[in-house]
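Here's the letter readout for the chains.
Protein chains: 2
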Amino acid sequence: MNDLITLSAVELNGLYVNLQEKYEGYITQKLKLDMSRGKPSPEQLDLSMGMLDLLKSDDNLKSADGMDCRNYGGLDGIPEAKELFAHILEVSPKEVIIGGSSSLSMMHDTVLRLLLHGAGENEIPWGKLPTVKFLCPSPGYDRHFAICEQFNIEMVIINMLKDGPDMEQVEKLVSEDESIKGMWCVPKYSNPDGITYSDEVVDRLASMKTKARDFRIIWDDAYTLHHLNNTPDKLKNMLATCKAAGNPDRVLMFTSTSKISFSGSGVAAMSASENNLNFFRKQMAIQSIGPDKINQLRHVRFFKNLDVIQEHMKKHAAIIKPKFDVVLDILDTELSGTQIASWNKPNGGYFISLNTLDNCAKAVVSMAAEAGVTLTKAGATFPYGRDPHDKNIRIAPSYPSLTELRTAIEILCLCVQMVSIKKLLAEGNNN
Amino acid sequence: MNDLITLSAVELNGLYVNLQEKYEGYITQKLKLDMSRGKPSPEQLDLSMGMLDLLKSDDNLKSADGMDCRNYGGLDGIPEAKELFAHILEVSPKEVIIGGSSSLSMMHDTVLRLLLHGAGENEIPWGKLPTVKFLCPSPGYDRHFAICEQFNIEMVIINMLKDGPDMEQVEKLVSEDESIKGMWCVPKYSNPDGITYSDEVVDRLASMKTKARDFRIIWDDAYTLHHLNNTPDKLKNMLATCKAAGNPDRVLMFTSTSKISFSGSGVAAMSASENNLNFFRKQMAIQSIGPDKINQLRHVRFFKNLDVIQEHMKKHAAIIKPKFDVVLDILDTELSGTQIASWNKPNGGYFISLNTLDNCAKAVVSMAAEAGVTLTKAGATFPYGRDPHDKNIRIAPSYPSLTELRTAIEILCLCVQMVSIKKLLAEGNNN
Numbered sequence: 066m067n068d069l070i071t072l073s074a075v076e077l078n079g080l081y082v083n084l085q086e087k088y089e090g091y092i093t094q095k096l097k098l099d100m101s102r103g104k105p106s107p108e109q110l111d112l113s114m115g116m117l118d119l120l121k122s123d124d125n126l127k128s129a130d131g132m133d134c135r136n137y138g139g140l141d142g143i144p145e146a147k148e149l150f151a152h153i154l155e156v157s158p159k160e161v162i163i164g165g166s167s168s169l170s171m172m173h174d175t176v177l178r179l180l181l182h183g184a185g186e187n188e189i190p191w192g193k194l195p196t197v198k199f200l201c202p203s204p205g206y207d208r209h210f211a212i213c214e215q216f217n218i219e220m221v222i223i224n225m226l227k228d229g230p231d232m233e234q235v236e237k238l239v240s241e242d243e244s245i246k247g248m249w250c251v252p253k254y255s256n257p258d259g260i261t262y263s264d265e266v267v268d269r270l271a272s273m274k275t276k277a278r279d280f281r282i283i284w285d286d287a288y289t290l291h292h293l294n295n296t297p298d299k300l301k302n303m304l305a306t307c308k309a310a311g312n313p314d315r316v317l318m319f320t321s322t323s324k325i326s327f328s329g330s331g332v333a334a335m336s337a338s339e340n341n342l343n344f345f346r347k348q349m350a351i352q353s354i355g356p357d358k359i360n361q362l363r364h365v366r367f368f369k370n371l372d373v374i375q376e377h378m379k380k381h382a383a384i385i386k387p388k389f390d391v392v393l394d395i396l397d398t399e400l401s402g403t404q405i406a407s408w409n410k411p412n413g414g415y416f417i418s419l420n421t422l423d424n425c426a427k428a429v430v431s432m433a434a435e436a437g438v439t440l441t442k443a444g445a446t447f448p449y450g451r452d453p454h455d456k457n458i459r460i461a462p463s464y465p466s467l468t469e470l471r472t473a474i475e476i477l478c479l480c481v482q483m484v485s486i487k488k489l490l491a492e493g494n495n496n
Numbered sequence: 066m067n068d069l070i071t072l073s074a075v076e077l078n079g080l081y082v083n084l085q086e087k088y089e090g091y092i093t094q095k096l097k098l099d100m101s102r103g104k105p106s107p108e109q110l111d112l113s114m115g116m117l118d119l120l121k122s123d124d125n126l127k128s129a130d131g132m133d134c135r136n137y138g139g140l141d142g143i144p145e146a147k148e149l150f151a152h153i154l155e156v157s158p159k160e161v162i163i164g165g166s167s168s169l170s171m172m173h174d175t176v177l178r179l180l181l182h183g184a185g186e187n188e189i190p191w192g193k194l195p196t197v198k199f200l201c202p203s204p205g206y207d208r209h210f211a212i213c214e215q216f217n218i219e220m221v222i223i224n225m226l227k228d229g230p231d232m233e234q235v236e237k238l239v240s241e242d243e244s245i246k247g248m249w250c251v252p253k254y255s256n257p258d259g260i261t262y263s264d265e266v267v268d269r270l271a272s273m274k275t276k277a278r279d280f281r282i283i284w285d286d287a288y289t290l291h292h293l294n295n296t297p298d299k300l301k302n303m304l305a306t307c308k309a310a311g312n313p314d315r316v317l318m319f320t321s322t323s324k325i326s327f328s329g330s331g332v333a334a335m336s337a338s339e340n341n342l343n344f345f346r347k348q349m350a351i352q353s354i355g356p357d358k359i360n361q362l363r364h365v366r367f368f369k370n371l372d373v374i375q376e377h378m379k380k381h382a383a384i385i386k387p388k389f390d391v392v393l394d395i396l397d398t399e400l401s402g403t404q405i406a407s408w409n410k411p412n413g414g415y416f417i418s419l420n421t422l423d424n425c426a427k428a429v430v431s432m433a434a435e436a437g438v439t440l441t442k443a444g445a446t447f448p449y450g451r452d453p454h455d456k457n458i459r460i461a462p463s464y465p466s467l468t469e470l471r472t473a474i475e476i477l478c479l480c481v482q483m484v485s486i487k488k489l490l491a492e493g494n495n496n
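As they're listed, the protein sequences go chains U and D. The numbers in this note's numbering rise by one with no breaks, and the one at position 193 of the first sequence is 258. The numbers in this note's numbering rise by one with no breaks, and the one at position 214 of the second sequence is 279.
It should be emphasised that the hints constitute simulated quantities derived from the structure, not laboratory data. Check each hint, because a few of them may be wrong.
Identical copies go unnamed one by one, so any copy, or any two together, can satisfy a pair.
[As the list claims (entries may be wrong)] Below, simulated DSSO-like cross-link-like pairs (lysine-lysine); rule was C-alpha separation at most 27 Å, straight line:
hint, residue 1, residue 2
1, Lys237, Lys121
2, Lys121, Lys410
3, Lys97, Lys127
4, Lys379, Lys95
5, Lys127, Lys380
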């Protein structure tokens with residue numbers, strides 16, 4: 066494609082007429098394509114159906130420590146589930162608490178506990194302070210930001226660089242401002258950029274000096290096993306790094322099988338120092354007698370160990386990878402060289418992050434919607450739903466079929482071009 | 066048995082020596098009998114094992130409205146689960162929200178929402194008020210009280226009468242004190258008394274004038290289908306009564322299948338006015354993408370409708386009833402006529418509530434523990450774990466076998482007699 070920035074107004078107008086014709090062709094098709102959320106496709110969910118045959122009426126539902134998984138008890142999970150997640154997160158089983166089916170709920174409840182009870186026995190509950198701030202590497206995950214908004218935690222945007230959050234910015238802020246109590250991180254195949262934090266970033270996060278002594282990092286390792294190809298990213302172990310840096314209580318790590326087994330019916334877990342977990346357990350005991358142990362058993366008996374899960378994840382990749390390829394191919398064909406858009410090529414995760422020219426994302430998402438393509442709301446990847454440059458669009462390729470995806474991305478590219486041309490013409494720099 | 070109150074000191078001493086001998090016989094047996102919690106027995110859990118065979122790898126896991134239950138979505142439950150719980154609670158499906166596996170967690174989170182966000186869009190969050198009080202009919206459920214204690218909600222003891230909480234006391238307090246914002250109720254087969262609220266009590270709770278306009282009753286209908294015999298109690302529909310009384314938003318009802326299917330792996334639900342539910346849904350959407358829909362489907366396909374559940378509950382009763390009978394028989398043989406203890410004979414639920422002479426319960430529970438019988442901690446059935454008369458002991462007969470139960474209750478009766486005799490002798494009224 067041509068570099069649109071250098072085209073004359075006449076050329077741009079001519080191009081626009083062509084694109085407009087194609088766009089109107091799509092309008093008449095009354096399409097209905099949803100690419101708004103990072104949901105697995107039915108084919109991916111089929112991969113775990115064997116799990117349903119595993120526990121039968123004549124099976125023994127005892128856990129490794131002899132607990133009847135059908136009865137009350139087991140506040141923080143059965144031993145074999147802890148062990149499995151310990152392998153996934155590269156920690157000790159003693160550093161694992163198993164939750165219900167949602168790591169989002171675990172993170173929500175954890176933030177709430179920090180607000181209500183503080184970060185430890187002798188710490189002030191954050192909710193009693195006049196201001197509490199969280200650092201929010203952005204673009205990021207809208208549901209993280211929604212938790213902060215819900216509880217009046219002020220969000221501070223941190224720029225995402227190629228190897229993770231801008232650490233200069235982070236280190237300066239946390240060293241100066243005591244009201245900065247927390248930070249959201251999706252450290253591997255980040256949502257939506259697909260970036261994995263470099264070892265240096267992990268080291269600096271673990272060892273940086275923070276003015277707040279009860280500073281906590283919510284480490285949402287949602288995509289830790291979700292590789293797309295044979296050159297997966299490697300993330301340095303954050304809990305081990307924090308311990309080595311003398312800050313063992315700094316990180317609270319979360320993951321789940323939501324995009325491994327069944328979304329919404331998986332098993333979630335958190336990992337942190339034993340000190341942190343002991344503190345949280347006391348509060349958990351008030352909220353619950355314990356999460357669903359039968360579902361834990363079902364997962365452990367199906368997945369057995371990390372090797373089996375990794376093989377399972379290759380099957381997921383075999384389904385998702387072609388979808389990412391379609392998106393990247395079309396973006397390449399339609400937009401590369403135009404200077405009006407840039408995007409990432411992740412090794413894993415669930416998203417492709419597309420950046421348009423400034424002030425174009427909202428218009429693009431709205432134009433695509435008119436042609437029947439639902440994208441994640443523009444701005445959603447930033448705190449308060451406000452993208453300061455209005456340029457980031459999150460593409461979630463996993464759910465639609467390849468055919469639907471092709472059409473949807475072609476429409477998206479059309480919209481990016483048309484909105485950009487309008488902008489260029491309005492700015493009048495093209496002569 | 067003789068009326069101990071009227072025995073002479075010499076007679077009491079003689080009796081004590083006999084009892085002491087029996088007690089020491091038990092000590093040498095080094096028993097280990099746990100009657101501390103209301104847990105179903107393995108035989109009861111076996112009743113639902115067929116549920117595990119229901120969803121298989123080649124099954125369609127779509128809900129009634131076409132949702133793929135294996136994927137994200139469905140914040141408040143699938144339609145068929147709402148319908149089933151609507152029948153259980155005698156409400157409309159629109160008045161039902163399905164939760165995860167724990168109604169305790171739903172109640173905990175609901176109280177927290179009321180503290181953080183208030184009882185409606187324009188209401189003051191209770192947590193912003195200097196004092197918040199809950200009425201606590203007592204003896205009651207320790208986990209309810211633990212929630213209040215956790216969040217600094219002041220608990221006010223309400224006496225339990227034969228037909229429910231003392232309504233004179235309740236009406237007076239709520240009409241005078243605006244800081245009374247809530248009330249805990251286990252309205253059917255109450256924990257631990259096994260009392261079902263009379264129609265008059267339900268009417269008065271629904272229609273009483275409260276100084277706090279955002280007063281809420283947490284209606285924990287945990288034992289709604291848990292009858293022990295063919296003369297079950299009937300509870301008047303509280304949501305309908307509140308609506309009729311012009312207070313549709315007053316009640317928040319909860320139930321679950323924890324003691325119907327699997328404890329900890331069941332399905333929980335809440336019911337309230339649509340107005341209340343709409344308000345809570347907004348906050349729930351921040352905490353979760355939705356509870357486990359596969360488990361909902363499993364339950365709905367197994368239980369089908371209310372009739373099937375009711376038949377299923379008869380099988381539970383057939384297992385539990387003989388256990389209640391053993392306890393009641395032994396209490397009758399050992400303690401009736403002694404004037405040192407009284408107890409209830411419930412038509413359902415999970416507990417027998419035993420009342421000793423004042424200031425004896427702690428000593429009895431501790432003596433029983435020394436002989437290897439673990440009972441619910443004395444005081445646990447009252448706010449802050451403090452029974453003002455130190456006389457209530459909760460007996461949970463469901464879990465132990467009949468043989469274990471017989472031994473445990475014989476030991477319990479021995480302890481009640483010995484502690485009572487010591488008390489009577491110390492008081493010196495027996496000449």
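Results for each hint:
no. : hint            : verdict
1   : Lys237 / Lys121 : neither (56 Å within a copy, 55 Å between copies)
2   : Lys121 / Lys410 : neither (43 Å within a copy, 38 Å between copies)
3   : Lys97 / Lys127  : between (47 Å within a copy, 20 Å between copies)
4   : Lys379 / Lys95  : neither (35 Å within a copy, 55 Å between copies)
5   : Lys127 / Lys380 : between (30 Å within a copy, 23 Å between copies)
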